[in-house]
Amino acid sequence: MISRRHVLAGLVAAGVPKLGFASMAARPGKLFVLIIMRGAMDGLAAVAPLGDPDYAALRTSLVLGTPAAPGGALKLDERFWLHPALAPVYPLYGRGEMLVVHAVASPYRERSHFDAQNVLESGMAKPGWGGDGWLNRMLSAQHATRVEGIAFTPTLPLVLKGAAPVSNWQPEGGPADIEDAVAHMYRADPVLAATYQAGLTARGVVDVAGRGMPQRRIFPSLAAVAGKTLAAEDGPNMAVLEIGGWDTHVGQGTVKGRLAGALGQLADGVDALHKALGNRWRDTVVVAITEFGRTARPNGTGGTDHGTATAAFLFGGAVAGGRVLADWPGLSAPALYQNRDLAPTTDVRCVLKGVLGEHLGVGQAVLEAKIFPGSASARPVAGLVRA
Amino acid sequence: MALNRFGLGARPGDVSAIGSNPHGWVLDQIARLQADPVPGVGDTPGRLHLMDAFSKAKQEADREDAARAAVLDGTAKPGAPAAPPAAAKPRPPILDQPPGKVLENDLARRIDQAVATDWPVSERLAAFWANHFSVTNLRGEIAVTALAYENEAIRPNVFGTFHDMLCATAVHPAMTFYLDAASSVGPDSPWGLKHKRAVNENFAREVMELHTLGVNGGYTQADVQQLALALTGLGLDKAAGESAFYYDRHEPGDRVLLGRKLPADGDQMREAFAILANHPATIRHICRKLAVHFCGDTPPPALLKRLADAWRQGGGALPAVYRALANAPELWVARPLKYRSPQDFVLASGRAFGLHGKGRALLEEMRQLGEMPYGAPAPTGWPDQDSVWLDPGGAVGRVASARRMAALAGPDVDAAGVLPQVVYATANSVTFDVVLAEPNPRNAAALVLVCPEFQRR
Numbered sequence: 001m002i003s004r005r006h007v008l009a010g011l012v013a014a015g016v017p018k019l020g021f022a023s024m025a026a027r028p029g030k031l032f033v034l035i036i037m038r039g040a041m042d043g044l045a046a047v048a049p050l051g052d053p054d055y056a057a058l059r060t061s062l063v064l065g066t067p068a069a070p071g072g073a074l075k076l077d078e079r080f081w082l083h084p085a086l087a088p089v090y091p092l093y094g095r096g097e098m099l100v101v102h103a104v105a106s107p108y109r110e111r112s113h114f115d116a117q118n119v120l121e122s123g124m125a126k127p128g129w130g131g132d133g134w135l136n137r138m139l140s141a142q143h144a145t146r147v148e149g150i151a152f153t154p155t156l157p158l159v160l161k162g163a164a165p166v167s168n169w170q171p172e173g174g175p176a177d178i179e180d181a182v183a184h185m186y187r188a189d190p191v192l193a194a195t196y197q198a199g200l201t202a203r204g205v206v207d208v209a210g211r212g213m214p215q216r217r218i219f220p221s222l223a224a225v226a227g228k229t230l231a232a233e234d235g236p237n238m239a240v241l242e243i244g245g246w247d248t249h250v251g252q253g254t255v256k257g258r259l260a261g262a263l264g265q266l267a268d269g270v271d272a273l274h275k276a277l278g279n280r281w282r283d284t285v286v287v288a289i290t291e292f293g294r295t296a297r298p299n300g301t302g303g304t305d306h307g308t309a310t311a312a313f314l315f316g317g318a319v320a321g322g323r324v325l326a327d328w329p330g331l332s333a334p335a336l337y338q339n340r341d342l343a344p345t346t347d348v349r350c351v352l353k354g355v356l357g358e359h360l361g362v363g364q365a366v367l368e369a370k371i372f373p374g375s376a377s378a379r380p381v382a383g384l385v386r387a
Numbered sequence: 001m002a003l004n005r006f007g008l009g010a011r012p013g014d015v016s017a018i019g020s021n022p023h024g025w026v027l028d029q030i031a032r033l034q035a036d037p038v039p040g041v042g043d044t045p046g047r048l049h050l051m052d053a054f055s056k057a058k059q060e061a062d063r064e065d066a067a068r069a070a071v072l073d074g075t076a077k078p079g080a081p082a083a084p085p086a087a088a089k090p091r092p093p094i095l096d097q098p099p100g101k102v103l104e105n106d107l108a109r110r111i112d113q114a115v116a117t118d119w120p121v122s123e124r125l126a127a128f129w130a131n132h133f134s135v136t137n138l139r140g141e142i143a144v145t146a147l148a149y150e151n152e153a154i155r156p157n158v159f160g161t162f163h164d165m166l167c168a169t170a171v172h173p174a175m176t177f178y179l180d181a182a183s184s185v186g187p188d189s190p191w192g193l194k195h196k197r198a199v200n201e202n203f204a205r206e207v208m209e210l211h212t213l214g215v216n217g218g219y220t221q222a223d224v225q226q227l228a229l230a231l232t233g234l235g236l237d238k239a240a241g242e243s244a245f246y247y248d249r250h251e252p253g254d255r256v257l258l259g260r261k262l263p264a265d266g267d268q269m270r271e272a273f274a275i276l277a278n279h280p281a282t283i284r285h286i287c288r289k290l291a292v293h294f295c296g297d298t299p300p301p302a303l304l305k306r307l308a309d310a311w312r313q314g315g316g317a318l319p320a321v322y323r324a325l326a327n328a329p330e331l332w333v334a335r336p337l338k339y340r341s342p343q344d345f346v347l348a349s350g351r352a353f354g355l356h357g358k359g360r361a362l363l364e365e366m367r368q369l370g371e372m373p374y375g376a377p378a379p380t381g382w383p384d385q386d387s388v389w390l391d392p393g394g395a396v397g398r399v400a401s402a403r404r405m406a407a408l409a410g411p412d413v414d415a416a417g418v419l420p421q422v423v424y425a426t427a428n429s430v431t432f433d434v435v436l437a438e439p440n441p442r443n444a445a446a447l448v449l450v451c452p453e454f455q456r457r
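Here the protein sequences line up with chains X and H, keeping their order.
Residue 1 is where the first sequence starts when you use the working numbering, and the numbers rise one by one after that.
Residue 1 is where the second sequence starts when you use the working numbering, and the numbers rise one by one after that.
Hints should not be assumed to be uniformly reliable.
As the list claims (entries may be wrong) - Computed list of lysine-lysine pairs in DSSO-like fashion (alpha-carbon distance at most 30 Å, straight line):
(1) X:Lys75 / X:Lys275
(2) H:Lys58 / X:Lys256
(3) H:Lys194 / H:Lys238
(4) X:Lys275 / X:Lys126
(5) H:Lys56 / X:Lys256
(6) H:Lys305 / H:Lys56
(7) H:Lys196 / H:Lys261
(8) H:Lys89 / H:Lys56
(9) H:Lys305 / X:Lys126
(10) X:Lys126 / H:Lys194
(11) X:Lys256 / H:Lys101
(12) X:Lys256 / H:Lys238
(13) H:Lys261 / H:Lys101
(14) H:Lys305 / X:Lys256
(15) H:Lys77 / X:Lys256
(16) H:Lys101 / H:Lys58
(17) H:Lys194 / X:Lys256
(18) H:Lys289 / H:Lys238
(19) H:Lys77 / H:Lys101
Claimed, not checked - Heads up, incomplete: computed chain X residues facing chain H, CB under 8 Å, no partners named:
(20) Asp54
(21) Tyr55
(22) Phe114
(23) Thr155
(24) Ser167
(25) Thr195
(26) Ala202
(27) Asp327
(28) Ala376
(29) Ser377
(30) Val385
Hint data in this document are derived by calculation from the structure and do not stem from the laboratory.
A virtual CB, placed ideally from N, CA and C, is assigned to each residue, including glycine.
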């Protein structure tokens, strides 16, 4: 099979102007967005188990305000309440377009951000086991021959790295009247040539889709551009976004504070994505995950240290939401992992396999052999997506 | 080749100046006592006092603004002190020095120094270590002290021992602010009992994971907690603008770190750093990082072994390790070994076209390309692998960046003349053909900066 980038490289070499995404294969019609929350989000703060009998004694200074008070937590069910900074996405929950998975963790059980993100993105059981990411392997398994995945990030994240053609995009300006000369010089350097072509392709489609939009390097702005790009007639099917600000060792806060700021950005970004996708929202699943959770008790400095299980979010019109999915381990001291962290009861790969299987039609055998190797015991969660 | 691999990129004329002895040039470059300080930065106490003055002036100005606004919209409380009219009082000049701007000015001077220096290997190593012991501009106190930190803790020790650099960085206020060490208090110390405070393990974890042993360095969660307790007492003397050790915040009792006892009556911080600085896992971790920096993502095991041997023979003296690098046949091959990171790419561009005094604009390019100094998103510092930086968005971004930097070089730039002076070897003739064929001088200069040979070192 001739890959898309080879075709493009050949066209540029022959002096034909760059192509966008037109005249591509029919799209399967389903959209997928991955949001990586880098820095370890405190799941017990974002989705607080106010109904757990041990919550108040455990969380002490980090207990969320009484639900009735203004700025109080927002009710999800009898046990779980949403952090008020996530209010912009709360209506989605009511419409069944938001689902929370709680007490979720990757198979990684140490506490290094960097190794944990490696596991989260590689889809392997251990850090350093793979140089490519599960999202790219999924594109490869679907024999993607054009750029179907774009990361709206300054550098290409591991989850999207690999053999299938992908790209990343960030706001920049300026005319590019030397593009052909550059492409010509890079012909002798196949790696640079392919990389550059993928970059041009992404820029072509994003620039068209995002025309007239403010291009800023903040999460809600990047999310809006991503939404427009996915919604474009000939756009890609998958986008990756990342958002930081979660490593709240100090001054985590409750209604206000560092965590509230990060959650507010997340909510604004999902809202912007929703608006930009327009009627394609109904075909979309957005998954927001983080590398691990944080200590169940506050540390000595009004924050939390690196922990284990946390919460994950699914948003989108295709999500069978309006509920919190949790095999809840409880918060009593013996129930905590190492008497320290929320205990993990759901493997994040179960969630991802469920979404990839039901939403994107990836077969079970492929999921286990190629996309999440060694995950046979992590059975996909069924029913995450609307039938 | 040596100028690009070991240095920060060749300037026109450098190749002929080095002559036929590039190996001797590298050895001369590392025979130094310290890396040159970045000029115009001042010291940490001075910078923290400046920050203090700025905060006070800002609060005062904000208060007056609010009072004036309240008068205007009629919400002022009766009897509230009236603010002077805006025009009556000159704006204090310190308000024009917000912390972010202070940092940008400092960084611009660091870039100017790197573009002009005759000691590029020393500058490269200083930046390497500043990134290894990374602090990120998350708050004003870090912004104003970041370059003072580099001048006081990193640059004097670039040609010293790893142990000294580890100790100097660990107790510097910039690091203390960054990794929350000052707020970590022994829970059973007198101060901790009185104020009901406890430890925060952030600093201890990153010291072991990032600064010394490495993530697979054989330590456990218990070691993290033991080190965190051993380091309690480290704090900040706000009045002096300096770090200090508060014995009444130090956790009493013996500690056990990596199987070694740190007795209660000893200097546990000093002993912990002594254990960590020359631990076999630290040697392995740091030698690997240095090797990756100079010869790419997968350094040969034989080279790693020679670097570790040099470390041990030199007792942790860094020049011994640098010499082992300079003498390594693996680094004297003609083919490029590494893709230039954005900072490397921008500095090499500045040196190629003599962009002197353009530090502010070059800093903006580093930001655009996603590698702002002291802006790493995590305490790991900026990554140093080809696999991170060589990506589609970056490849396209470099073309735009090269165009802007070419504009800084002015209209009379001789791109075809500069090209053979700044890229190694005869290049593939395609590059020369393309640069020669470009009629617009500014575009031709941009093509020099984006040519394949210029992307690697």
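Status of the hints after comparison with the structure:
no., hint, result
1, X:Lys75 / X:Lys275, "holds (24 Å)"
2, H:Lys58 / X:Lys256, "holds (22 Å)"
3, H:Lys194 / H:Lys238, "holds (21 Å)"
4, X:Lys275 / X:Lys126, "violated (37 Å)"
5, H:Lys56 / X:Lys256, "holds (23 Å)"
6, H:Lys305 / H:Lys56, "violated (54 Å)"
7, H:Lys196 / H:Lys261, "holds (27 Å)"
8, H:Lys89 / H:Lys56, "holds (16 Å)"
9, H:Lys305 / X:Lys126, "holds (26 Å)"
10, X:Lys126 / H:Lys194, "violated (43 Å)"
11, X:Lys256 / H:Lys101, "holds (27 Å)"
12, X:Lys256 / H:Lys238, "holds (26 Å)"
13, H:Lys261 / H:Lys101, "violated (46 Å)"
14, H:Lys305 / X:Lys256, "violated (51 Å)"
15, H:Lys77 / X:Lys256, "holds (27 Å)"
16, H:Lys101 / H:Lys58, "holds (15 Å)"
17, H:Lys194 / X:Lys256, "holds (27 Å)"
18, H:Lys289 / H:Lys238, "violated (35 Å)"
19, H:Lys77 / H:Lys101, "violated (36 Å)"
20, Asp54, "violated (20 Å)"
21, Tyr55, "violated (20 Å)"
22, Phe114, "holds (6 Å)"
23, Thr155, "holds (5 Å)"
24, Ser167, "holds (4 Å)"
25, Thr195, "holds (5 Å)"
26, Ala202, "holds (6 Å)"
27, Asp327, "violated (25 Å)"
28, Ala376, "violated (26 Å)"
29, Ser377, "violated (25 Å)"
30, Val385, "violated (30 Å)"
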